[in-house]
Amino acid sequence: MSRAEADAVAGTGTPVPGKSAPAAPETGAPEAPGPAAGPASASDSGPRPVRLAWTLGLFRSELSITFRRWRTLALLAVLAAVPVLVGIAVKIETSDGGSIGGGGPDGGGGPAFIAQVTNNGLFLVFTALAATLPFFLPMAIGVVAGDAIAGEASAGTLRYLLVAPAGRTRLLLAKYATTLTFCLVATLVVAVSALAVGALLFPLGEVTTISGTRIGFGDGLLRALLIALVVAASLIGVAALGLFVSTLTSSGIAAMATTVGLLITVQIIDQIPQLHAVHPYLFSHYWLSFADLMRDPIYWDDLVKNLGLQALYAGVFGSAAWARFGAKDIAT
Amino acid sequence: MPSTKGGATGSVIETFGLTKRYGRHLAVDRLDLTVPRGSVFGFLGPNGSGKTTTIRMLMGLIEPTSGRAKVLGRPMPFQARRVLPQVGALIEGPALYGFLSGRDNLLRYDSADPTADPRTRRARAEAALDRVGLTAAAAKKAKAYSLGMKQRLGLAAALLQPRALLVLDEPTNGLDPQGMREIRSLVRELASEGTTVFLSSHLLDEIEQVCTHAAVMTQGRLITQGPVAELAAGARGRLTVTTPDTGDAARVLKELGVADLVVTEDRVTGEPPGADLADVNAALVEAGVRVRGFGVERASLEDAFVALTGEGFDVAG
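For the protein sequence lines, the chains are A and B, in the order given.
Each residue of the first sequence is one higher than the last, beginning at 1 in full-length UniProt numbering.
Each residue of the second sequence is one higher than the last, beginning at 1 in full-length UniProt numbering.
Chain A extracted, bound-state conformation (with noise of 0.2 Å):
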């Protein structure tokens, strides 16, 4: 990174004495623009020192900034709404009595879970993420992720964000922490909702496991919370290839269209027999191993390869997205 940093973080800044008066000792609040702030105010004063607590004051504004967006509340909706149309299509599917599927976890026509939905509401959960994990979060994150920095810097506000000055690290680090902040979220909105939906439409009770087990509503329903968590875990490298895409473009709807062609792009490679080479590689190749959890007891081999490889994701892109945009020049 070019643009040092060192001092980033230095607790008091060095008061700078001013030509004729010494510096006014940096105790009190900033003096408030405006007739109050006298004629000395101006020239004489000193860099005001960085606050590590007033530094987290851009995470906060970036999570209300995102959060405050049509297109963000637009995105949770639609993640919101897959659950019901699951939920519903199976009450319809099934309110002859019949059964969805031909049995097996896998088994069937549809997303993982979905047999045992009508048995259980809870497992409308698992169907929900698992419908939705493939393509809908992880697009989502796209489009979160890919607009942090391009959809600033093609609106000109980077610039002015720059010279704030946010700081081209913590900027980014702001945004990718908002990104991940939306990953969680995302997947907490599809889990709650399919949890609803569940309840309103099915019995609850005790779930049986994958491995045939039974265990209580209570620890189904932490498996569920575990769930989500893996699954929000799970886009984490999208969330850090999407940031990356994003430093390398001004335009935010090039970023994000780059971002979401990439995720289907990775999709299909994963689908090819012949490139099984590169499939560990792929950073959806483990997505579904969430399904391990509601084995007894857990299987945790392919959870935890999954969370490598976003760990590892991460530390590429993200290493990549600091590289690019520390050094990029602010043209918008």
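Everything labelled a hint here was simulated from the structure, so no lab data went into it.
Yeah, the Cβ is synthetic: ideal placement off N, Cα and C, and Gly gets one too.
Misleading hints may appear alongside valid ones.
As the list claims (entries may be wrong) - Only some residues are given here: those of chain B computed to face chain A with a beta carbon under 8 Å:
hint, residue
1, L61
2, E63
3, G67
4, R81
5, L84
6, P85
7, I91
8, A95
9, F99
10, R108
11, D113
12, T115
13, A283
Guided by the hints, dock chain B onto chain A, whose structure is given.
Chain B in isolation, oriented as in the chain A frame:
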């Protein structure tokens, strides 16, 4: 530690051979700029002459190809985190979040500054809105703002804190004459409080009205810089005689050694002679020339500019 004492050198901005090259095009060519502390500094040049590129380099937004820049005595962009909290900037027009209100836009930009106290954030935003006359429209969404209102809001963002330096790139763009006057008086007010104002413009009269110092750029090069009075003095004023008897007047003036005579309908102009102007006037009257007006027209910055560049004030190719 001379590097930390901007005040000691008396200059707020200093550049040394600052250069920015885009491919084969030199946007800024070995710029040596010095902006004295406390000045209202006019940065003048046609569109495309490299003003905005220079400002972006000073603000750490783009990296110079070569050369150095110091702002408030510290090297940029390396000490951006120390320098920029003391700098308010309006760069190439305002940029706002359309879905946020004017007030929320200010809160957003203020929270990006890690040296800004969140406890005083709202009060400072209100004061800045008040200062640019936007209090009444503060709750309105920024996308509903007119260009002039957006410009004012951009200015308010630059005024969220007491600043040592204000960098205003074309601040009166999109404003009506009344708005322009308000901005000019705001600039004077800020300057009187001790803020150095660096003002870029392609409007000569704007610079002439508010600036104490000026620099002129064309095609990426700095042509001149210094106090406005000196720059204007560089181009000499012209003696102007308004009279119906232009022929006689021209003859008399020529005898008195007035060079470069130009005769128009009811007016004779020329370079002022060495002799006392009172004697020149007396000579005209003695010769029976009916003088309606007599005096030396002060040279404008525009005259200075034309004299310097030998060209008009057009968009650079």
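Here is how each hint holds up against the structure:
1. Residue-level restraint check for B/L61 holds (minimum Cβ-Cβ distance to chain A is 4 Å; threshold 8 Å).
2. Taken as an interface hint, B/E63 checks out: its beta carbon lies about 6 Å from the nearest beta carbon of chain A, inside 8 Å.
3. The interface hint given for B/G67 is violated, since its Cβ lies 15 Å from the closest Cβ of chain A, which is over the 8 Å cut-off.
4. Checking B/R81 against chain A: minimum C-beta separation of about 5 Å stays under 8 Å; hint holds.
5. Hint status for B/L84: holds, given a least beta-carbon distance of 4 Å to chain A, under 8 Å.
6. Because the closest C-beta pair between B/P85 and chain A is about 6 Å apart, less than 8 Å, the hint holds.
7. The criterion of a C-beta within 8 Å of any C-beta in chain A is met by B/I91, whose closest approach is roughly 6 Å, and the hint holds.
8. Proximity of B/A95 to chain A holds as hinted, the smallest CB-CB distance being about 3 Å (cut-off 8 Å).
9. Because the closest C-beta pair between B/F99 and chain A is about 6 Å apart, less than 8 Å, the hint holds.
10. Below 8 Å, beta-carbon pairs count as interface contacts, and B/R108 has one with chain A at about 5 Å; its hint therefore holds.
11. Evaluation of the B/D113 hint against chain A yields a held restraint, the C-beta minimum of about 5 Å falling below 8 Å.
12. With a cut of 8 Å, the hint placing B/T115 at the interface with chain A holds, because the nearest CB-to-CB distance is about 4 Å.
13. Because the beta carbon of B/A283 sits about 51 Å from the nearest beta carbon in chain A, more than 8 Å, this interface hint is broken.
The structure fails to meet hints 3, 13 from the earlier list, while all remaining hints are met.
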